[in-house]
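Use the sequences and the hints to build the structure in full.
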Amino acid sequence: MPELPEVETIRQTLKQLTIGKTIQTVDIYWPKIIQEPDDYHHFIDLIKNQTIHDIRRKGKFLLFDLNQHVLVSHLRMEGKYGVYPQREELMAHTHVVFHFTDGTDLRYRDVRKLGTMHLQERGTELTKKPLLLVAQDPLEADFSLQTFQKKVQKSERNIKNILLDQSVIAGLGNIYVDETLFMAGIHPLTKGLSVTDEQVIQIVEASVATLKDAVKQGGTTIRSYVNSQGQIGMFQQKLNVYGQNDKACRKCEDTIMKIKVNGRGTHYCPSCQPI
DNA sequence: GCGTCTTCCTGTAAGC
DNA sequence: TGCTTACAGGAAGACG
Numbered sequence: 048m049p050e051l052p053e054v055e056t057i058r059q060t061l062k063q064l065t066i067g068k069t070i071q072t073v074d075i076y077w078p079k080i081i082q083e084p085d086d087y088h089h090f091i092d093l094i095k096n097q098t099i100h101d102i103r104r105k106g107k108f109l110l111f112d113l114n115q116h117v118l119v120s121h122l123r124m125e126g127k128y129g130v131y132p133q134r135e136e137l138m139a140h141t142h143v144v145f146h147f148t149d150g151t152d153l154r155y156r157d158v159r160k161l162g163t164m165h166l167q168e169r170g171t172e173l174t175k176k177p178l179l180l181v182a183q184d185p186l187e188a189d190f191s192l193q194t195f196q197k198k199v200q201k202s203e204r205n206i207k208n209i210l211l212d213q214s215v216i217a218g219l220g221n222i223y224v225d226e227t228l229f230m231a232g233i234h235p236l237t238k239g240l241s242v243t244d245e246q247v248i249q250i251v252e253a254s255v256a257t258l259k260d261a262v263k264q265g266g267t268t269i270r271s272y273v274n275s276q277g278q279i280g281m282f283q284q285k286l287n288v289y290g291q292n293d294k295a296c297r298k299c300e301d302t303i304m305k306i307k308v309n310g311r312g313t314h315y316c317p318s319c320q321p322i
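For the first sequence, position 32 (counting from the first letter as 1) is numbered 79 according to the numbering used here, and the numbering increases by one without interruption.
FYI, nobody ran anything at the bench for these hints, they're computed from the structure. Please note that the accuracy of each hint is not assured.
Stated by the list, open to error - DSS-like mimics (lysine-lysine), calculated; alpha carbons at most 27 Å apart, straight line:
| # | residue 1 | residue 2 |
| --- | --- | --- |
| 1 | Lys79 | Lys160 |
| 2 | Lys285 | Lys263 |
| 3 | Lys62 | Lys259 |
| 4 | Lys175 | Lys197 |
| 5 | Lys201 | Lys307 |
| 6 | Lys259 | Lys285 |
| 7 | Lys198 | Lys307 |
| 8 | Lys238 | Lys197 |
| 9 | Lys285 | Lys298 |
| 10 | Lys62 | Lys263 |
| 11 | Lys176 | Lys79 |
| 12 | Lys95 | Lys160 |
| 13 | Lys294 | Lys263 |
| 14 | Lys285 | Lys305 |
| 15 | Lys238 | Lys263 |
| 16 | Lys294 | Lys305 |
| 17 | Lys307 | Lys285 |
| 18 | Lys259 | Lys198 |
| 19 | Lys175 | Lys198 |
| 20 | Lys201 | Lys176 |
| 21 | Lys62 | Lys175 |
| 22 | Lys238 | Lys198 |
| 23 | Lys62 | Lys176 |
| 24 | Lys95 | Lys79 |
| 25 | Lys307 | Lys238 |
In C-alpha cells, the structure reads:
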C-alpha cells in the first residue's frame with residue numbers, strides 16, 4: 048500500500064520516464080477513477096496535447112504539472128504507474144492509459160480500483176479538494192511542530208487514529224504509523240489529550256527517521272507494491288512491528304501484539320509501548 | 001465541531 | 001476439491 052516513501056519512490060522513477068512527454072490522447076477503462084471533471088470525456092478533452100513538466104508530491108498524492116492543468120493522483124491501496132511501448136499488450140487491471148506522442152504510454156493499473164484522479168487548473172489545486180485539507184508531511188523543511196502539537200493534544204481520539212488523519216500530519220499510513228509509534232515508545236491507544244510535549248517531539252522525530260529510511264530503501268513491499276520501473280521496495284526487512292505479530296520484539300524479545308484500532312490492524316510491543 | 005461508521009473494490013487466505 | 005466468508009485499508013461522505 049503506497050504511503051509517503053512509496054509515493055516518493057514512484058515520483059522519482061516516474062519523473063525520469065515522463066518529463067517532457069506530451070499526451071496525445073487518453074483511454075479510460077474505469078471512469079470512476081476520474082473524479083474531476085465530473086464527465087470523463089471532458090477530462091480527456093482537457094488533458095490532450097498537454098506536456099508533463101514536473102511531478103510533485105503532497106502527502107501521498109502525486110501532482111503532475113501540465114501546461115494549464117495539474118493532474119492530482121492518489122494511488123490508494125494498489126495503484127501503480129508504468130511506462131510501456133504502445134505496442135505492448137495491456138496488463139490486467141489497467142484502467143487509464145495516457146498515450147504520449149513519442150510512441151510510449153503512461154499506464155495506470157489498480158487491482159482494487161480505489162485510486163482517484165482530479166484534473167484541476169494550475170494554481171488552484173491547493174485551494175480545493177482533495178488537497179485542501181492535507182497537512183504538511185514531516186519531511187517538509189518548514190514542518191510546523193507547533194501546529195501538529197496543538198492538533199494532537201486537543202484531540203480525544205487515540206494517537207493511532209490521529210496519525211492516520213491526513214489533515215493532522217500527511218504521508219503516514221497504517222504501516223508507518225505502527226512503526227513510528229513503536230520507535231517513539233507510545234501505545235497506539237494513548238489519547239491525544241494525554242500525549243506529552245516530549246512525546247510529540249518523539250513522534251515527529253520517529254516519523255522522520257522511519258520515513259527517511261524507508262525512502263532510502265525504496266519503500267515497503269507487503270503485497271504488491273513496485274515502483275514505476277517494476278522494482279520492489281526493501282523496507283519490509285526493517286519493519287519492527289507491522290506484520291510481525293506473534294514474533295519476538297527486536298528490542299526486548301516480548302511478543303508483538305496485533306489488535307484492531309478503529310477497524311485498522313494495529314501492531315505494537317506491549318513492553319516497549321506501555322499504555 | 002468532532003468522532004465514528006460505512007462505502008468503495010477485489011485478491012487471498014481461512015474455514016467448512 | 002470447491003464453495004463461502006473474512007480480511008486487507010485510504011479517504012470521502014453520512015450520521016450521531
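Hints and how they fare:
no., hint, in the structure
1, Lys79 to Lys160, "holds (8 Å)"
2, Lys285 to Lys263, "holds (12 Å)"
3, Lys62 to Lys259, "holds (19 Å)"
4, Lys175 to Lys197, "holds (24 Å)"
5, Lys201 to Lys307, "holds (23 Å)"
6, Lys259 to Lys285, "holds (13 Å)"
7, Lys198 to Lys307, "holds (23 Å)"
8, Lys238 to Lys197, "holds (13 Å)"
9, Lys285 to Lys298, "holds (13 Å)"
10, Lys62 to Lys263, "holds (17 Å)"
11, Lys176 to Lys79, "holds (16 Å)"
12, Lys95 to Lys160, "holds (23 Å)"
13, Lys294 to Lys263, "holds (25 Å)"
14, Lys285 to Lys305, "holds (18 Å)"
15, Lys238 to Lys263, "violated (32 Å)"
16, Lys294 to Lys305, "holds (11 Å)"
17, Lys307 to Lys285, "holds (22 Å)"
18, Lys259 to Lys198, "holds (23 Å)"
19, Lys175 to Lys198, "holds (21 Å)"
20, Lys201 to Lys176, "holds (25 Å)"
21, Lys62 to Lys175, "holds (25 Å)"
22, Lys238 to Lys198, "holds (12 Å)"
23, Lys62 to Lys176, "holds (24 Å)"
24, Lys95 to Lys79, "holds (19 Å)"
25, Lys307 to Lys238, "holds (16 Å)"
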